[in-house]
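J.: For reference, the chains in residue letters:
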Amino acid sequence: MGKTPGKTLLDKPAVAPKPPEFNFSQRADSKQPQLPVRNMALKQHSILPGFGLTMGFTLFYLSLIVLIPLAGLLLKSATISWDQFYAAVTDPQVVASYKITFGASLVAASVNAVFGLAVAWVLVRYSFPGKNVIDAMVDLPFAMPTAVSGIALTALYAPNGWIGRWLDPLGIEVAYTQLGIMVALTFIGLPFVVRTLQPALEDLDVEIEEAAASLGATRLQTFVRVIFPAIMPALLTGFALAFARALGEYGSVVFISGNLPMKTQIVPLLIMTKLEQYNYAEAAAIAVVALGASFAVLLFINIMQWWSRRYAAA
Amino acid sequence: MISRPFVAFGLFSIALVSIAVIAGGCRQSADPNAVKILNVSYDPTRELYKEFNRGFAKHWARQSGQTLDVRMSHGGSGKQARSVIDGLEADVVTLALAYDVDAIQRKAGLMPKDWRSRLPNNSAPYTSTIVFLVRKGNPRGIKDWNDLVKPDVSVITPNPKTSGGARWNYLAAWGYMLKRELGDLSKLHDPKSADAVAKANEKAKEFVKEIFQHVKVLDTGARSSTMTFVQRGIGDVLLAWENEAFLSIHELGPDKFEIVVPSISILAEPSVAVVDKVAERHGTRAMAEAYLKHLYSPKGQALAAKHYYRPRNAEGVPEEYMKRFPKIELFTVLEVFGGWEKAQAEHFNDGGVFDQIYKP
Numbered sequence: 000m001g002k003t004p005g006k007t008l009l010d011k012p013a014v015a016p017k018p019p020e021f022n023f024s025q026r027a028d029s030k031q032p033q034l035p036v037r038n039m040a041l042k043q044h045s046i047l048p049g050f051g052l053t054m055g056f057t058l059f060y061l062s063l064i065v066l067i068p069l070a071g072l073l074l075k076s077a078t079i080s081w082d083q084f085y086a087a088v089t090d091p092q093v094v095a096s097y098k099i100t101f102g103a104s105l106v107a108a109s110v111n112a113v114f115g116l117a118v119a120w121v122l123v124r125y126s127f128p129g130k131n132v133i134d135a136m137v138d139l140p141f142a143m144p145t146a147v148s149g150i151a152l153t154a155l156y157a158p159n160g161w162i163g164r165w166l167d168p169l170g171i172e173v174a175y176t177q178l179g180i181m182v183a184l185t186f187i188g189l190p191f192v193v194r195t196l197q198p199a200l201e202d203l204d205v206e207i208e209e210a211a212a213s214l215g216a217t218r219l220q221t222f223v224r225v226i227f228p229a230i231m232p233a234l235l236t237g238f239a240l241a242f243a244r245a246l247g248e249y250g251s252v253v254f255i256s257g258n259l260p261m262k263t264q265i266v267p268l269l270i271m272t273k274l275e276q277y278n279y280a281e282a283a284a285i286a287v288v289a290l291g292a293s294f295a296v297l298l299f300i301n302i303m304q305w306w307s308r309r310y311a312a313a
Numbered sequence: 000m001i002s003r004p005f006v007a008f009g010l011f012s013i014a015l016v017s018i019a020v021i022a023g024g025c026r027q028s029a030d031p032n033a034v035k036i037l038n039v040s041y042d043p044t045r046e047l048y049k050e051f052n053r054g055f056a057k058h059w060a061r062q063s064g065q066t067l068d069v070r071m072s073h074g075g076s077g078k079q080a081r082s083v084i085d086g087l088e089a090d091v092v093t094l095a096l097a098y099d100v101d102a103i104q105r106k107a108g109l110m111p112k113d114w115r116s117r118l119p120n121n122s123a124p125y126t127s128t129i130v131f132l133v134r135k136g137n138p139r140g141i142k143d144w145n146d147l148v149k150p151d152v153s154v155i156t157p158n159p160k161t162s163g164g165a166r167w168n169y170l171a172a173w174g175y176m177l178k179r180e181l182g183d184l185s186k187l188h189d190p191k192s193a194d195a196v197a198k199a200n201e202k203a204k205e206f207v208k209e210i211f212q213h214v215k216v217l218d219t220g221a222r223s224s225t226m227t228f229v230q231r232g233i234g235d236v237l238l239a240w241e242n243e244a245f246l247s248i249h250e251l252g253p254d255k256f257e258i259v260v261p262s263i264s265i266l267a268e269p270s271v272a273v274v275d276k277v278a279e280r281h282g283t284r285a286m287a288e289a290y291l292k293h294l295y296s297p298k299g300q301a302l303a304a305k306h307y308y309r310p311r312n313a314e315g316v317p318e319e320y321m322k323r324f325p326k327i328e329l330f331t332v333l334e335v336f337g338g339w340e341k342a343q344a345e346h347f348n349d350g351g352v353f354d355q356i357y358k359p
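Going line by line, the protein sequences match chains B and G. Just so you know, numbering that gives the first Met the number 0 puts 207 at position 208 of the first sequence, and the rest follows in order with no gaps. Just so you know, numbering that gives the first Met the number 0 puts 312 at position 313 of the second sequence, and the rest follows in order with no gaps.
Everything labelled a hint here was simulated from the structure, so no lab data went into it. Where a beta carbon is used, it is the ideal one built from N, C-alpha and C, also for glycine. Check the hints yourself; a few may be wrong.
SDA-like cross-link-like pairs, simulated, lysine to any residue; straight-line CA separation at most 20 Å [what the hints assert, rightly or not]:
1) G:Lys322 with G:Asn312
2) G:Lys215 with B:Asp167
3) G:Lys292 with G:Lys78
4) B:Lys98 with G:Asp354
5) G:Lys78 with B:Ala146
6) G:Lys305 with G:His58
Which stretches of chain G does chain B cover? Using the computed rule of at least three CB atoms under 8 Å from a CB of chain B, they are [as the list claims (entries may be wrong)]:
7) 77–83
8) 154–167
9) 186–199
10) 210–218
11) 227–233
Far from chain B, by Cβ distances over 12 Å, these chain G residues were calculated [said to hold, decoys possible]:
12) Glu50
13) Gln62
14) Pro111
15) Val148
16) Ile263
17) Pro317
Using the sequences and the accompanying hints, generate a full structural model.
T.: Dropping the structure here:
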């Protein structure tokens, strides 16, 4: 962006804009419109109403949408004694479903991290006919009602389905097994990885790769030492989003999983069965443990991200 | 500059107020002669109530001059009951089992305790039972409950924890074993044969456990199980509501599936009730009551039979519908399990017999 001409100079003595954190992340020939840079954003009025109102609204909105429901959840789970809470969340069926949900979500998010990176790479680096269509297709798992995708995937992967009938003779069962859960979770998680990686890849200059090559780096070295550190934070964000989304997924999984206790029963379904018995407190207890575990995982990923960003900047 | 936030806030409030006014206006602008009631029902009644509502609206227009709009909500029976408890404004409920109506009564007190005796036949205007749906030609030779545990037979039923229909399946299998062990179900109430009854219950538990070891897919509701069996081609036998089994055959052609009627099964009594507190608040009590009573009229009974529910009163029901229903020995939940409250606590609640089946 550089120094801005025009009005700002008349208003105030120009202050040199802060240098961007990583130089390569901003293209010199950026086609973005050049907006006047203002450093003292808090004092000057901007397009949106001032800091006081927006911050107030942010807090109000977050409380209404996130904090109050979560507080309600905690309160509900507090209506049972500690012993009951412990018994509810350590029941073998519940423990098995935690393992299944976290395991399948982890696998699905990892698969998406690898193949989502490939998809994002192709979409950013190459241009080919039909690119826009493929780009739009990435969003489909977002837009589809999850029950529809669950039914569609089950129809495809059932032993009499289009894909299932070829896998069945090989002894590979997808629908109604844990593999089916992973397939459904991979499907719904894909856009999260692709959409968070795309901007990061767009910011990456081809010149840097050329520079690396001219300095004698192999292709693998260029990827591992140059590209990967730069996109690592975005990749981790995408992974975390896909993982978090998978943990809570209910609609698509119940159709393809078979829902057998101890084998293919996911945490959200177990919560549903507790609700079905009007056992709100134990349902909340299971949810609180799941929430705590996913919070821990997300926190861990955030720390890794912070660490990798420092590594990338260094 | 200072006024900016205020302007924005003002605009925001105006927007909120106008939304509220528009929303409020919609509610009140309705024609006083047009009334709406909401019937909260379970999954397989869609087709029945679609036709019944049309007929009843005509009947009501003739009787009172009001245009009646009956809206429907369908879903798993337990989930529907929970919605009503949590505040879904149902004027009437037509659910899969009395236990779910009892739950509404107990948890939210929306109707008196004696709701069951307010209408004839335990407030169940039509009944059904549990039968087997098998693939054409019955390749596995399934004739009765004990054939379900033959090696390699795979069974499809929904999960009794989430599906009312599945609870009927489970209890029907249990009752079959009791009958086989005891010879006569009336022994259940004879104190002299208490030992034999305890033994028979042990056997029944083993039997039901064995059946569930043959279950490949436990869907959350009766409809999903039907889809798994019919469209995905999973399993050799589907334990299904009789009406649901007939519907599958009707929809998909008799060349693909056939119904097998076991030697004994359970009398499934789907219960209906007016939700007093809601109907009174809406001022719809009269039509809600008339609506449910109409189910007992010859027209209502004929419609139930047309949609494969067994009518309570065959009078006035066309013979072509009646001859669909095979004779079968049926027992009730009250006779064999001492009522839903007890059956639920013993079998389906957490730590109950069903959970023990899946204990590792």
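J.: Hints broken by the structure, by number, lowest first?
T.: Numbers 3, 9 - these are the hints that the structure violates, sorted from lowest upward.
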